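Number of protein chains: 2
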Amino acid sequence: MGIKMSVALSLLVATNMVFANSLIDEAKKAGLKPIPKDKEELNKLIDNPKNKLTPEKIELGKKLYFEPRLSKSALISCNTCHNLATGGDDNVPVATGHKWRQNPHHLNSPTVFNAVFNEKQFWDGRSPDLEDQATGPIQADVEMAMHKDMAVKVVESIPEYKEAFNKVFPNEKITIETIGKAIGAFERTLVTPSRYDDFLNGDENALTKEEQEGLKTFISVGCASCHSGVGLGGGMQPFPAVKPYKYANIGDFKGDKNGMVKTPTLRNIAETAPYFHNGAVWDLKEAIKIMGETQLGKELSDKEVASIETFLKALTGKKPKVEYPILPNSTKDTPKPDLD
Amino acid sequence: MGIKMSVALSLLVATNMVFANSLIDEAKKAGLKPIPKDKEELNKLIDNPKNKLTPEKIELGKKLYFEPRLSKSALISCNTCHNLATGGDDNVPVATGHKWRQNPHHLNSPTVFNAVFNEKQFWDGRSPDLEDQATGPIQADVEMAMHKDMAVKVVESIPEYKEAFNKVFPNEKITIETIGKAIGAFERTLVTPSRYDDFLNGDENALTKEEQEGLKTFISVGCASCHSGVGLGGGMQPFPAVKPYKYANIGDFKGDKNGMVKTPTLRNIAETAPYFHNGAVWDLKEAIKIMGETQLGKELSDKEVASIETFLKALTGKKPKVEYPILPNSTKDTPKPDLD
Numbered sequence: 307m308g309i310k311m312s313v314a315l316s317l318l319v320a321t322n323m324v325f326a327n328s329l330i331d332e333a334k335k336a337g338l339k340p341i342p343k344d345k346e347e348l349n350k351l352i353d354n355p356k357n358k359l360t361p362e363k364i365e366l367g368k369k370l371y372f373e374p375r376l377s378k379s380a381l382i383s384c385n386t387c388h389n390l391a392t393g394g395d396d397n398v399p400v401a402t403g404h405k406w407r408q409n410p411h412h413l414n415s416p417t418v419f420n421a422v423f424n425e426k427q428f429w430d431g432r433s434p435d436l437e438d439q440a441t442g443p444i445q446a447d448v449e450m451a452m453h454k455d456m457a458v459k460v461v462e463s464i465p466e467y468k469e470a471f472n473k474v475f476p477n478e479k480i481t482i483e484t485i486g487k488a489i490g491a492f493e494r495t496l497v498t499p500s501r502y503d504d505f506l507n508g509d510e511n512a513l514t515k516e517e518q519e520g521l522k523t524f525i526s527v528g529c530a531s532c533h534s535g536v537g538l539g540g541g542m543q544p545f546p547a548v549k550p551y552k553y554a555n556i557g558d559f560k561g562d563k564n565g566m567v568k569t570p571t572l573r574n575i576a577e578t579a580p581y582f583h584n585g586a587v588w589d590l591k592e593a594i595k596i597m598g599e600t601q602l603g604k605e606l607s608d609k610e611v612a613s614i615e616t617f618l619k620a621l622t623g624k625k626p627k628v629e630y631p632i633l634p635n636s637t638k639d640t641p642k643p644d645l646d
Numbered sequence: 307m308g309i310k311m312s313v314a315l316s317l318l319v320a321t322n323m324v325f326a327n328s329l330i331d332e333a334k335k336a337g338l339k340p341i342p343k344d345k346e347e348l349n350k351l352i353d354n355p356k357n358k359l360t361p362e363k364i365e366l367g368k369k370l371y372f373e374p375r376l377s378k379s380a381l382i383s384c385n386t387c388h389n390l391a392t393g394g395d396d397n398v399p400v401a402t403g404h405k406w407r408q409n410p411h412h413l414n415s416p417t418v419f420n421a422v423f424n425e426k427q428f429w430d431g432r433s434p435d436l437e438d439q440a441t442g443p444i445q446a447d448v449e450m451a452m453h454k455d456m457a458v459k460v461v462e463s464i465p466e467y468k469e470a471f472n473k474v475f476p477n478e479k480i481t482i483e484t485i486g487k488a489i490g491a492f493e494r495t496l497v498t499p500s501r502y503d504d505f506l507n508g509d510e511n512a513l514t515k516e517e518q519e520g521l522k523t524f525i526s527v528g529c530a531s532c533h534s535g536v537g538l539g540g541g542m543q544p545f546p547a548v549k550p551y552k553y554a555n556i557g558d559f560k561g562d563k564n565g566m567v568k569t570p571t572l573r574n575i576a577e578t579a580p581y582f583h584n585g586a587v588w589d590l591k592e593a594i595k596i597m598g599e600t601q602l603g604k605e606l607s608d609k610e611v612a613s614i615e616t617f618l619k620a621l622t623g624k625k626p627k628v629e630y631p632i633l634p635n636s637t638k639d640t641p642k643p644d645l646d
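Sequences listed follow chains A and B, in order.
Counting in this note's numbering, the first sequence runs from 307 upward without gaps.
Counting in this note's numbering, the second sequence runs from 307 upward without gaps.
Note that these hints are calculated values from the structure, not bench results.
This one's a predicted model, so the numbers in the text were calculated from it and none came from an experiment.
Treat the hints loosely; a few may be bogus.
The list makes no distinction among identical chains, and a pair is therefore deemed to hold if it is satisfied within one copy or across any two copies.
[As the list claims (entries may be wrong)] Straight-line alpha carbon distances no greater than 20 Å define the calculated SDA-like cross-link-like pairs of lysine to any residue that follow: (1) Lys638 - Pro580; (2) Lys405 - Ala446; (3) Lys350 - Trp588; (4) Lys591 - Pro641; (5) Lys369 - Lys627; (6) Lys609 - His453; (7) Lys335 - Val628; (8) Lys459 - Ala593; (9) Lys642 - Leu590; (10) Lys405 - Ala547; (11) Lys591 - Asn635; (12) Lys595 - Asp455; (13) Lys627 - Glu365; (14) Lys625 - Glu365; (15) Lys609 - Glu516.
With the hints as extra help, turn the sequences into a complete structure.
So this is what it looks like as C-alpha cells:
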C-alpha cells in the first residue's frame, strides 16, 4: 500500500469514528439510551422497588407465565399471546383468547420483550407496571377468562406452587396480586440487547454505515421525539397527532380519555408485525411511512423510509435463554378446566 | 446391635433383594420392559430406519413442534395440545383447536411423552408412526386447520427453515411429509425414564416396598396383559373387552373397524388426567377400577386399586430439558394468519 493511500485510509477510518462518535452523542441528546452493558446497572434499571427481583421469584414467575391452568380453559397462558418464540407476541392482528373471542376494540398484543422499559402498560396506559398488567389478561373474558379467586385456587391446590409462594412472598397471602408480582418479576428479565446497544455503549463498529445513517435519519426526521429512552418508546403520546390514521376504522380504540396512546417499543420491531394498536399494517416500510404522516406530518421519501427501516432492523436483540418449564402436577383440589 | 438382630436384619435385606429380584424376573416375563439405561441401546430403540435421527433434524423438529405458524391461525402448535410443560398433553377432556372447535368424537389428546414406544398412533391406531401422525393434526380442521400446501409455503418462505430442510433432507422437496419427519424425529427423543426403569434395570431399591407390591398386583390381576412393553401400552386391544364402559355415551368413538383401541401408555399417568379416549375420568383410582371391570371383568378391591395406583405413580419420569426455541422470522412471503 502506498503511503498516500494508507494516509487516506486512516483519515477515512478516523472520519468514520468521528461520525460514529458524534452520532452516539447526537442519539443520546435525542433521548435514546442503551440497555446497560453492566449487569448491576441493568439490574437496577429493571428492578421494581415494590417487587424486588430474586432468582426464586423469577423462576416462579416463569412457571406462571407458561401456566395454562391460570386460564378458565386451562389452554391459554401469558405465553399464548406473548410468545417468547415469536418476538414476544402472537403475530396476529387481533388478540384472540377464550372461546376464540377477539379483543372487542381490535387491539393487537404488544411484545413482552423489553416491556419493562415502558412507562405504563396497555395501549391506553391504564396500568402502571408489569406486576399490575399481568393480572389483567388472566381475568379478561376475551383473554384467559379466569376469575381471580379461581386463579388463586389453582395455585393453592398445587403444593409446589404453595411452597414457592410461601418462600417468595413470606407473610403474604396468595392473591391475584402476588401472582401478578411473580409474573412481572419474570417479565422484567425479558430484555434483548442488540448491536444498537453495543453502539450506544461505545462500540462504533457495532452498527454498519447504513444502519448509522438510518439512525441519523431516525433522529433528524423526528422519530426519536416519541420513540426514545431505553425502550425506544413506552411513553404516552397523542395518536394520531397531526394527520388522520388511515386504518382508524379497524376497531374503535381511541386511546385514554385524553386520546393518548402508548408508544410501542421499536426493539425487535422486525419480528412483531402486524403493526399499530389495531394490527392493521404488516409491512414495516408502510408503518414507517404512516408514522411520518400521522405523527410528524411529513411525507417521508422512499430513501428516508428505507434508511430508517435499515436502522430498525438492527434493533432485533438477543433473546434470553428460557428453559421450557415442567409445571407441577394438578391435585384433586385443582379446579377443573372449563372450556365454555 | 446384637449379633442376633444383625443376622435378622441381614436376612430381611436378603429376603427383600430376593423378592425384588424375582419381581424383576416376573415383570419381564409379563412383558414389561425398561427404557434402556445404555444410551446407544436407547438410541437404537427410538430410531426409525426410514427417518434416521440426527441432531440437526431433532433441532429442526423441535422448532416445528413449537411453530404456531403451521396452523391456519398462527396461534396453535403441536405443543398446544401436547404441552411438554404439563405431562405432554393438554389436561382437558376433549382436544380443542382452531376456532375453539372440539374433536367431533370427543377424543382426548394423548401424551407425546414416550409416544415413540406406541406400536401405532392415534386412538384408532390408523397411523404407523410419529412421522406420519404429526401430519394429521396440522391438517385437521378441528385442530390446526392448515392446508398442507400452506404449511409448506410457510416453511419455504422462511430462509432459516429452508436452509435447515436442505441440510437435513438433502435432495428432498419440502413437503408435509418432510415436515412430519422432522417433528417425528424430535418427538422420538421425548422419553422419560423413571425409578421404575431403574428397578427393571436391576436397582432393587429404586422402587419402595409399596411400589413393588403395587407392581406385583398390577401383574397378578392382569393389567400387564395390555399395558406391557417399554411403553406399558401402545398396542391395539378391544375396548371395552369384557363389560361395558360406563362413560361410553360421551362422544361416539368405537375404535377401529374391528373395535380395537390403542392402549394408552401408563408412563406419567399421574400427570395426564383426565383418562380414557373420551377424557371422562379425572380420578386415577376410578380409572383403575373401571379398567378392572371393562377389560378384565374383575371387581378390584380398594386395596388392590390403591396398591396399583401407588405403583403407577412411580411411572412419573424425568422429562428431557428443552430450551424454548426462538423461531425464525416471517418474511413478506409468509402466508398471513387466518383466524376464520
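Outcome of the hint check:
1. In this assembly of identical chains, the alpha carbons of Lys638 and Pro580 lie at most 20 Å apart only when taken from different copies (11 Å versus 42 Å within one copy).
2. Both within a single protomer and between protomers do Lys405 and Ala446 lie at most 20 Å apart by alpha-carbon distance, with minima of 12 Å and 18 Å respectively.
3. When the C-alpha separation of Lys350 and Trp588 is checked against a cutoff of 20 Å, the pair qualifies neither within a copy, at 35 Å, nor between copies, at 46 Å.
4. In this homomeric assembly, Lys591 and Pro641 come within 20 Å of each other (Cα to Cα) only across copies, at 18 Å, whereas the closest approach inside a single copy is 47 Å.
5. Both within a single protomer and between protomers do Lys369 and Lys627 lie at most 20 Å apart by alpha-carbon distance, with minima of 14 Å and 15 Å respectively.
6. In this assembly of identical chains, the alpha carbons of Lys609 and His453 never lie at most 20 Å apart, being 51 Å within a copy and 39 Å across copies at closest.
7. In this assembly of identical chains, the alpha carbons of Lys335 and Val628 never lie at most 20 Å apart, being 35 Å within a copy and 43 Å across copies at closest.
8. Proximity of Lys459 to Ala593 under the C-alpha cut-off of 20 Å is found in neither arrangement, the shortest distances being 44 Å within a copy and 25 Å between copies.
9. Within a single copy, Lys642 and Leu590 get their C-alpha atoms only as close as 43 Å, which misses the 20 Å cut-off; across copies the closest is 15 Å, which meets it.
10. Proximity of Lys405 and Ala547 under a CA criterion of 20 Å is satisfied in neither setting, with 36 Å inside one chain copy and 37 Å between copies.
11. Only between protomers do Lys591 and Asn635 lie at most 20 Å apart by alpha-carbon distance; the minimum there is 16 Å, versus 47 Å within a single protomer.
12. In this homomeric assembly, Lys595 and Asp455 never come within 20 Å of each other (Cα to Cα): the closest approach is 46 Å inside a single copy and 34 Å across copies.
13. Taking CA atoms no more than 20 Å apart as the test, Lys627 paired with Glu365 passes in both settings, with 13 Å inside one copy and 15 Å between copies.
14. Taking identical chains as interchangeable, the C-alpha atoms of Lys625 and Glu365 lie at most 20 Å apart whether they share a chain (17 Å) or sit on different chains (18 Å).
15. Proximity of Lys609 to Glu516 under the C-alpha cut-off of 20 Å is restricted to the intra-copy arrangement: shortest distance 12 Å within a copy versus 75 Å between copies.
The structure shown violates the earlier hints numbered 3, 6, 7, 8, 10 and 12.
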